[in-house]
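Colleague: Construct the entire structure; sequences and hints are all you get.
Each chain is listed here by its residues.
4 protein chains.
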Amino acid sequence: MNQSTSEKIIHRLLNNDPFSQWLGIEVLSVHKGKVKLAMEVREEMLNGFRIAHGAIPYALADTTLAFASNSRNKLSMTLTNNISYLRKIESGDRLVAESEEVSLQDNYGVYLINIDRQDQIRLAVFRGTVYRSKHHVDERLP
Amino acid sequence: MNQSTSEKIIHRLLNNDPFSQWLGIEVLSVHKGKVKLAMEVREEMLNGFRIAHGAIPYALADTTLAFASNSRNKLSMTLTNNISYLRKIESGDRLVAESEEVSLQDNYGVYLINIDRQDQIRLAVFRGTVYRSKHHVDERLP
Amino acid sequence: MNQSTSEKIIHRLLNNDPFSQWLGIEVLSVHKGKVKLAMEVREEMLNGFRIAHGAIPYALADTTLAFASNSRNKLSMTLTNNISYLRKIESGDRLVAESEEVSLQDNYGVYLINIDRQDQIRLAVFRGTVYRSKHHVDERLP
Amino acid sequence: MNQSTSEKIIHRLLNNDPFSQWLGIEVLSVHKGKVKLAMEVREEMLNGFRIAHGAIPYALADTTLAFASNSRNKLSMTLTNNISYLRKIESGDRLVAESEEVSLQDNYGVYLINIDRQDQIRLAVFRGTVYRSKHHVDERLP
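Note that the protein sequences, when read in sequence, are chains A, B, C and D. So for the first sequence, our numbering puts the first residue at 1; every next one is plus one. So for the second sequence, our numbering puts the first residue at 1; every next one is plus one. So for the third sequence, our numbering puts the first residue at 1; every next one is plus one. So for the fourth sequence, our numbering puts the first residue at 1; every next one is plus one.
None of the hints are false.
Derived DSBU-like pairs (lysine-lysine); straight-line CA-CA distance at most 30 Å: (1) D:K134 with B:K32; (2) C:K88 with B:K134; (3) B:K88 with B:K36; (4) A:K32 with A:K8.
To be clear, the hints were calculated from the coordinates, so they are not data collected in a lab.
Modeller: Here is the structure:
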């Protein structure tokens with residue numbers, strides 16, 4: 001498996017993922033176990049206080065987790081995630097998410113994901129735990 | 001403050017919340033500190049594996065947290081959340097979220113939220129921690 | 001495997017666990033996937049503010065998680081835990097922890113654990129995720 | 001308030017904290033909002049599988065959180081923590097914990113804490129959320 005296998009998997013995952021498309025997620029970089037994604041917050045992503053709904057940065061982080069963990073072509077599913085919100089996020093903000101693989105075992109992995117604003121201000125921090133199955137990702141994609 | 005104040009706040013929050021509207025969130029019941037919400041999973045909410053994106057049940061839980069914690073008319077903001085995924089969620093599934101207020105202090109609160117399917121199967125469990133400010137919610141809504 | 005197998009495992013786990021012994025953990029009940037434990041907070045378990053160190057209720061919950069998940073005789077190891085503190089805990093308080101198995105899959109499990117005071121006041125809530133290996137617990141114990 | 005105020009607070013906290021003393025915690029460095037602590041794992045800290053009980057690295061992280069957040073002389077109490085375990089920890093391992101203050105608001109703070117082994121291998125990652133009260137720490141210490 002080489003770099004372009006990871007890239008092919010990520011692009012097939014995104015092409016088949018209508019919710020990540022609705023979010024407007026762009027792929028900035030892909031390495032085995034590490035991806036960098038971005039998106040822009042739109043008016044329809046706000047909550048009743050006119051700031052981004054908490055699920056918006058979470059969604060970007062969760063897609064980042066799925067892409068990073070599946071980029072090794074071993075089908076990976078999220079068991080549990082946590083997120084801390086550090087600052088308000090507004091319409092028009094560009095969010096950049098980057099993953100770090102802090103543990104990779106045969107059967108599970110742990111990833112840290114930071115969400116930053118375009119001006120490098122940290123907006124949220126996230127940690128996800130995935131189960132890594134015996135299946136290849138590319139067998140399971142349409 | 002009485003029951004109908006909580007209901008008015010929740011309805012103003014939802015009416016001003018375009019993302020919760022996109023999700024199709026319905027209010028099933030409102031009590032001070034306790035709400036029950038529902039939504040149906042649509043095709044556009046799926047991920048690349050053709051199951052609900054992890055952010056969809058999270059979004060329902062996060063809206064439930066916001067509504068439950070703000071229902072006491074004290075402006076509350078989420079500090080940190082965690083979620084565990086128990087089963088796959090599919091297009092067409094109806095999700096029901098219900099909150100329990102396990103701690104209510106002057107300055108913060110802790111809420112457990114369960115996400116169940118229409119047939120009472122538990123799909124996800126969530127815990128959120130909010131900061132409770134000195135402001136009234138109804139001063140801050142448009 | 002029957003009830004007494006679970007009980008034997010729990011007693012061998014506790015007999016070989018010097019830290020749980022230091023805590024003074026007592027086994028109140030054992031069922032497959034569900035245990036109830038108790039302990040009393042001593043002066044040497046306090047922190048600089050003269051309340052129980054946060055690691056004390058955490059330790060009781062983590063032992064409860066280990067006992068509950070290993071009680072099915074499938075070697076289980078903790079991946080990640082979270083805890084929320086609801087009230088101060090003082091020297092002399094008797095803590096009771098009880099587990100609920102919210103997900104049991106071939107390869108992992110999710111457990112909720114509540115920590116209550118002797119007078120039924122809830123002190124902390126905890127959620128743990130374990131990896132379930134292919135090994136039997138009783139092969140791995142001294 | 002200067003550096004030596006932080007140092008005085010940390011030393012008074014540790015001197016009054018019997019459980020951190022039982023753990024054998026040493027203070028490696030103290031800055032406002034940032035501390036580095038260490039300890040060595042002893043036989044009496046093991047669990048039934050003869051590895052460190054999960055509460056041991058948690059306890060070191062929780063003390064690190066308490067010291068880092070209180071080092072600014074604003075009384076801070078933990079609301080919720082999470083930890084992921086990356087590797088087994090054995091008797092004789094020396095653990096080093098270092099904090100990063102990712103959010104500092106008037107009323108709350110968020111801290112990341114890494115636990116590493118003496119040879120720089122990462123053993124666990126932890127995130128804590130504290131409530132920051134209006135009180136000074138030094139008013140509350142014996």
